[in-house]
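Visitor: Just so you know, the sequences run in chain order A and B. Residue numbers for the first sequence follow the numbering used here, beginning at 35 and rising by one. Residue numbers for the second sequence follow the numbering used here, beginning at 35 and rising by one.
The reader is advised that the hints may include incorrect statements.
Which copy is meant is left open, so a pair is good if it fits within one copy or across any two.
[To be verified] Derived DSS-like pairs: lysine-lysine, alpha-carbon spacing no greater than 27 Å straight-line:
hint, residue 1, residue 2
1, Lys215, Lys271
2, Lys117, Lys232
3, Lys88, Lys36
4, Lys117, Lys36
5, Lys253, Lys138
6, Lys117, Lys236
7, Lys253, Lys164
8, Lys159, Lys62
9, Lys138, Lys289
10, Lys179, Lys207
11, Lys209, Lys273
12, Lys219, Lys138
13, Lys164, Lys273
14, Lys69, Lys88
Bear in mind the hints are in silico, worked out from the structure with no lab data behind them.
There are 2 protein chains.
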Amino acid sequence: MKSWIIVIGNEILIGRVLDTNSNWIAKKLTELGIKVERILVIPDEEETIVDVLKEACRHADIIISTGGLGPTYDDITSEALAKALNQKWVVNKEALNMVKQRLKRLNLELNEYRIKMAKMPEKAKPLENKVGVAPGIYVEYNNIKIFALPGVPSEMKHIYLNHVEKILKRIFKRKYYREDKIRVKGYTESTLAPILNKIVTKYPDVYVKSHPLGVVDGKPVIDIVVASYGNDEGTLKNKNITIINEIRKRLDESKKT
Amino acid sequence: MKSWIIVIGNEILIGRVLDTNSNWIAKKLTELGIKVERILVIPDEEETIVDVLKEACRHADIIISTGGLGPTYDDITSEALAKALNQKWVVNKEALNMVKQRLKRLNLELNEYRIKMAKMPEKAKPLENKVGVAPGIYVEYNNIKIFALPGVPSEMKHIYLNHVEKILKRIFKRKYYREDKIRVKGYTESTLAPILNKIVTKYPDVYVKSHPLGVVDGKPVIDIVVASYGNDEGTLKNKNITIINEIRKRLDESKKT
Chain A
35 MKSWIIVIGN
45 EILIGRVLDT
55 NSNWIAKKLT
65 ELGIKVERIL
75 VIPDEEETIV
85 DVLKEACRHA
95 DIIISTGGLG
105 PTYDDITSEA
115 LAKALNQKWV
125 VNKEALNMVK
135 QRLKRLNLEL
145 NEYRIKMAKM
155 PEKAKPLENK
165 VGVAPGIYVE
175 YNNIKIFALP
185 GVPSEMKHIY
195 LNHVEKILKR
205 IFKRKYYRED
215 KIRVKGYTES
225 TLAPILNKIV
235 TKYPDVYVKS
245 HPLGVVDGKP
255 VIDIVVASYG
265 NDEGTLKNKN
275 ITIINEIRKR
285 LDESKKT
Chain B
35 MKSWIIVIGN
45 EILIGRVLDT
55 NSNWIAKKLT
65 ELGIKVERIL
75 VIPDEEETIV
85 DVLKEACRHA
95 DIIISTGGLG
105 PTYDDITSEA
115 LAKALNQKWV
125 VNKEALNMVK
135 QRLKRLNLEL
145 NEYRIKMAKM
155 PEKAKPLENK
165 VGVAPGIYVE
175 YNNIKIFALP
185 GVPSEMKHIY
195 LNHVEKILKR
205 IFKRKYYRED
215 KIRVKGYTES
225 TLAPILNKIV
235 TKYPDVYVKS
245 HPLGVVDGKP
255 VIDIVVASYG
265 NDEGTLKNKN
275 ITIINEIRKR
285 LDESKKT
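Just chain A, with the same shape it has in the complex:
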């Protein structure tokens, strides 16, 4: 399963807001064994959103966007999504009820800008938002699962945890993701490079990465992370442990020479 995350909002492209949504979603998808292949940050421009959504549909099985679902003029994700999928953009009755209920709670009246938050591609299902007003959007297209979530992190997380994650777990056979690591001291990244090179050549489906953590007592400290995806938790664990042991052995040998 391959996924793309699309972050929509000029405020991120001008550096005013640090996007933390994509990092949070990437972690969550990785936990489910779903590979994140690309994260894109794009402006609140209809043509760009339509183009990027179409491109994502050519590459990903799962697409999650954040941002652009609110009531203001530059919130155009929902309309752009309808255009990208060649669907009509219509008021969704279920979504309108959700919006009305939220407005009632907040003592606000319905107006055209608030009705806009209930408009969706005609085949979409609304995902209830109990934190803000705008519902999330779930729509299937050529077997691709597309979710459009609000940009406000608390609303995004609420809808992800209560709806998106449940849908993904129901649809996809769970895959597992497992990370193991060794912390080494006194080796530099370029000393480790030939060792890790041999490992990844031998185990091409495993992700091995060195993370320098700085210098302690005058010696570099590095985490070597071994990560893999798979169908069975036990197999993954055995595989990672085998690799970790092999790295340890090669490290010991490199000291001896």
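Given chain A, put chain B in place with the hints provided.
Guide: Okay, now just chain B, sitting in the frame of chain A:
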């Protein structure tokens, strides 16, 4: 001037590392009046890096990448850049001297993995890295300015501030970016929507955005930000102030009704 920022690294796509580089670079480019049109996060996969660099060359005047310049097997940005630009990937003498000097300081010897950090597209210029070892890369292609910087934030910032920013300021006539804001209380985003709608229709080249800040004393607080780019600082200031005053007037009128 349009720019793309390309962040290279699996560690970001699995959610292990929060990318703050693109936010920092976006702020810096915005300060120079350079528009950031897209931020992409892509994996350490040669084919993807080559494809995305080629796509960026079709859309941007300035491309800045971070990540993938180190000595390990998955650091492949430089080689992928050479492929994308159809240039040979060769040891750059100036870069090799830089790497040797840095290694000497760190009491490390040259080996094939460290020589790799001095390999660049044949027409590239190295950008000295006084924080880490791997130099940055600057290369021009069809008048597009391409910079490849390390992923470690301290190294990236050092090279940006000491080299990239100077090159950009020298090459491009400075444009200005100016933001002004009003903080309003007691209006919701959907109450403000019709007012801001009128403003952006009247001033299409100005970026107007509402940022909800939460609820104080039971009332919503929102920042309305007016931002514009231009050739002259004074004109920008006048334009923003005119717009801010118009928003204030429309807000007052909306209260009266």
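Visitor: Against this structure, judge whether each hint is valid.
Guide: A quick look at each hint next to the structure:
In this assembly of identical chains, Lys215 and Lys271 lie within 27 Å of each other by CA distance solely inside one copy; the values are 12 Å within and 54 Å between copies. Proximity of Lys117 to Lys232 under the C-alpha cut-off of 27 Å is restricted to the inter-copy arrangement: shortest distance 25 Å between copies versus 48 Å within a copy. In this homomeric assembly, Lys88 and Lys36 come within 27 Å of each other (Cα to Cα) both inside a single copy, at 15 Å, and across copies, at 22 Å. When the C-alpha separation of Lys117 and Lys36 is checked against a cutoff of 27 Å, the pair qualifies both within a copy, at 23 Å, and between copies, at 26 Å.
Taking identical chains as interchangeable, the C-alpha atoms of Lys253 and Lys138 lie at most 27 Å apart only when they sit on different chains, with a minimum of 16 Å there against 61 Å within one chain. For the identical chains of this complex, Lys117 and Lys236 are inter-copy neighbours only, at 26 Å across copies versus 46 Å inside a copy, given an alpha-carbon limit of 27 Å. With identical chains, the CA atoms of Lys253 and Lys164 are at most 27 Å apart between copies only, with a shortest distance of 19 Å across copies and 51 Å within one. Taking the shortest Cα distances, Lys159 and Lys62 sit within 27 Å of each other inside one copy (22 Å), while across copies they are farther apart (40 Å).
Within a single copy, Lys138 and Lys289 get their C-alpha atoms only as close as 70 Å, which misses the 27 Å cut-off; across copies the closest is 21 Å, which meets it. Proximity of Lys179 and Lys207 under a CA criterion of 27 Å is satisfied intra-copy only: 15 Å inside one chain copy versus 45 Å between copies. Taking the closest pair of Cα atoms, Lys209 and Lys273 come within 27 Å of each other only inside a single copy of the chain (15 Å); across copies the shortest separation is 55 Å, beyond that limit. In this homomeric assembly, Lys219 and Lys138 come within 27 Å of each other (Cα to Cα) only across copies, at 20 Å, whereas the closest approach inside a single copy is 60 Å.
Taking CA atoms no more than 27 Å apart as the test, Lys164 paired with Lys273 passes in neither setting, with 42 Å inside one copy and 40 Å between copies. For the homomeric pair Lys69 and Lys88, the shortest alpha-carbon distances inside one copy (19 Å) and between copies (24 Å) are both at most 27 Å.
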